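Novice: Sequence:
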Amino acid sequence: MTVTPFFRADSYKDRWLNWVNDPIASSKGLIMDHTPSGPVEAPAGKVRVCLYHLDFDERPTCYLDVNSAREAQFICDQFTECRGDWNVDYAIAWDDKAKEVAAYRIY
Numbered sequence: 126m127t128v129t130p131f132f133r134a135d136s137y138k139d140r141w142l143n144w145v146n147d148p149i150a151s152s153k154g155l156i157m158d159h160t161p162s163g164p165v166e167a168p169a170g171k172v173r174v175c176l177y178h179l180d181f182d183e184r185p186t187c188y189l190d191v192n193s194a195r196e197a198q199f200i201c202d203q204f205t206e207c208r209g210d211w212n213v214d215y216a217i218a219w220d221d222k223a224k225e226v227a228a229y230r231i232y
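Residue numbering for the sequence shown follows the working numbering, beginning at 126 and increasing consecutively.
Honestly, the hints are just simulated from the structure, not real lab data.
Note that the structure is predicted; figures quoted are calculated from it, not measured.
Take these hints with a grain of salt, some might be off.
Stated by the list, open to error - Pair by pair, the computed Cβ-Cβ distance ranges are:
1) Asp202 with Asp139: 17 to 23 Å
2) Ala169 with Ile231: 28 to 34 Å
3) Lys222 with Asp180: 27 to 33 Å
4) Gly163 with Arg133: 21 to 27 Å
Unchecked claim - The list that follows gives simulated cross-link-like pairs (lysine-lysine, BS3-like), each with its CA atoms no further than 27 Å apart:
5) Lys224 with Lys171
6) Lys171 with Lys222
7) Lys171 with Lys138
8) Lys222 with Lys138
9) Lys138 with Lys224
Ideal Cβ placement from N, Cα and C applies to all residues, glycine included.
The whole structure should be built from the sequences, with the hints applied where relevant.
Specialist: As C-alpha cells, this is what we get:
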C-alpha cells in the first residue's frame with residue numbers, strides 16, 4: 126500500500142507573495158527595504174508562514190497563508206523544497222493571535 130502525503134512540497138514554491146510591493150523582489154526574490162514589519166498576525170483562522178532573508182530580517186521577504194499549524198510545520202520541515210526560487214534563509218509561522226506555531230531556523 127502506498128501512502129500519499131497530505132501536503133506536497135512542490136505545490137508551495139509558486140504560491141509565495143511579496144511582503145512589500147517591490148519590483149526588485151518580483152524579479153530577484155530579495156527586497157532592500159529595511160522597514161520593520163512589527164508583529165506578524167495571520168488572518169482569522171489561518172497561519173501565516175513567513176520566509177526571511179538573513180540580511181533583511183526586520184520583516185519577511187515573502188509569506189503564504191495556510192489553513193493549519195500542521196501545514197505550516199510541514200512547510201518549515203520541507204523548507205528547501207517549499208521556498209521555490211526565493212532568496213531566503215529561514216521561516217517562521219504565526220497564527221491569528223501573532224503566536225509562533227512553527228519555524229525553520231538556521232541558528
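Novice: For each hint given before, does the structure comply? Return the numbers of the non-compliant ones in rising order.
Specialist: 4
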